[in-house]
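Top to bottom, those sequences are chains C and R.
Residue numbers for the first sequence follow the working numbering, beginning at 135 and rising by one.
Residue numbers for the second sequence follow the working numbering, beginning at 300 and rising by one.
If you are wondering where the hints come from, they were derived from the structure by calculation, not from laboratory data.
What you are looking at is a predicted structure, and each value in this text was computed from that prediction instead of being measured.
Glycine residues also receive a C-beta, built at the ideal position from the N, C-alpha and C atoms.
No false leads were mixed into what you were given.
Taking lysine-lysine pairs in the DSS-like style, the calculated list, with each CA pair at most 27 Å apart, reads: (1) K425(R) with K479(C); (2) K352(R) with K334(C); (3) K217(C) with K548(C); (4) K363(R) with K479(C); (5) K352(R) with K295(C); (6) K479(C) with K548(C); (7) K401(R) with K317(R); (8) K363(R) with K477(C).
Part of the chain C face toward chain R, derived, beta carbon under 7 Å: (9) L532; (10) T587; (11) A590; (12) R591.
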Amino acid sequence: MKYYDKLIFELSKPGRTGYSLPAPESSSVSSIDANLLRASAPQLPEVSEIDVVRHYTNLSQMNFGVDTGFYPLGSCTMKYNPKINEEIASLPSFLGLHPLQPDDTVSGAKAVYEGLDSALAAITGMRHFTFLPCAGAHGELTGLMIIRSYHMSRGDTRRTKIIVPDSAHGTNPASAAVCGLEIVEVKSNADGLVDVNDLKPLLDDTIAGIMMTNPNTLGLFERDIKEIARLVHEAGGLLYYDGANMNPLVGTVRPGDMGFDVMHLNLHKTFSTPHGGGGPGSGPVGVCEKLVPFLGVRVSGFHGNFSVILRAYTYILMLGRQNVKMVGPLATLNANYIKESLKDKYKLPIPSVCKHEFVYDGLIDDGAREGVPGATTLDVAKRLLDFGFHAPTIYFPLLFHQALMIEPTETESKETIDEFIEVMRRIADEAAENPDILHQAPHNAPITRPDETTAARNPILRYQA
Amino acid sequence: MSKVIEGLRYSESHEWVKVDGEFAFIGVSDFAQAEMGDITYVDVPSVDDEFAKGEEFGALESVKASSDLYMPVGGVVVEVNDAVVDAPELVNQDAYENWLIKIQMSDPAEAEGLMDAAAYNEFTAK
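Construct the complete structure from the given sequences, taking the supplied hints into account.
Here you go:
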């Protein structure tokens, strides 16, 4: 790989363009208020077409994506995004749609929404979905607004608190705070699951509901969910399901059957649409029958990210009913296979069967000796890059100090997973023998260890020529 | 082993209190700064803000995580250490020298319920 670190501004040469336009017929701007006119021209890069093509192609080759290699980023479900999704989303009849077109000219798009609504309802056990939320946390906010509207509509104005487990994704309390709810924390027990005994005293008539992720952030199934649902419902609260970890349940377990009333899905996780820097997200929110009247919360303009919704629908139709049922079991099998294959080299704080992801707590033998510090989780993650794998999620969840959270997803073959296991074993052996190999990693990445502290303390947010 | 200073009082959420008559300086322990790693942002309240014991009064952010700060004793903020806000790394350099806020305590007896150096040492060893 060629090292490339230029900014497009550095390629700029005055007067160089990739287009040619006729001279304007009139350069008069007299109709615009003088105070609205800029004093100098904007600083845009002046480059030819081939400059632009090479610049972005070179940058893209320095990037790592799921199309490049294995991407076991825990809590993110970085599954492969099938190319048929892109093909369908690129059809001119979909691409050319305008959200203000008359209804009778968009029956195809309406069929996509209706089809995905019923498919997701079948997969989750919810009654209907809204497709307006544009991300997972946006979905959380929408779901909480629905919960609030429901209580308000019954004149029950005292319910201003929401229960969030200490193992929750950070977005849960953040969304609740944005929604104006007060957060009450419920603790986990020694097995990493919500402690029912800790929950009971919190349940009174000021509780709007509880937000849960199942399987939770440790990749563990909340086995007491039926009991939790019964207790929360008896106290008059509702259950919110954070769909971030829905993948291992697809086709096997439905949040609706567990007793959840409201949920969001991350189409960019579970339903194979582009993720992260790859494009806009989508966090549709589903509700049970009695909450359908509150589904009309306006949280974005028009109809959400239609092309993402279309990709998710394509994915489900391409898999079909039988294969959708295999998503969860295969994601679970792959995670457990890795977990068991490396537990003699990496500390496994929670040894029970996991769902789609699991957490190691650093190396068993980190190679620390007199005068030589041991290899940390960060060092392992950096060393993985040398072997062409994306690093897993590190230092999350905070419960474990050297956390390394791995989620392989169902789309990887046994060969790829075996290769990953072999590399992880080799890294563990290197650490035990000579941790400095890891301290200095990555050895062949264009950028090795950026100074995150300085970047956070003194961020430079604008291009400085 | 992180540093613990005699004569200060410590909370279970790792804040320390240095009592000075009716006033008190509040900071975070050496254990807390070591756990957090390089601190990148310090969020403290304004002068005259009033908090009860146990109430959240600010937060520290590091590259790794964000941690809320809780009042080890109740009171009114009379001074904020701007030096630490401008240079969060001071907390990493010396967590005891670099206090975060100075308060006028509403009930100085509250400080007595906190751990002393020996008890805090034992608490963090767990």
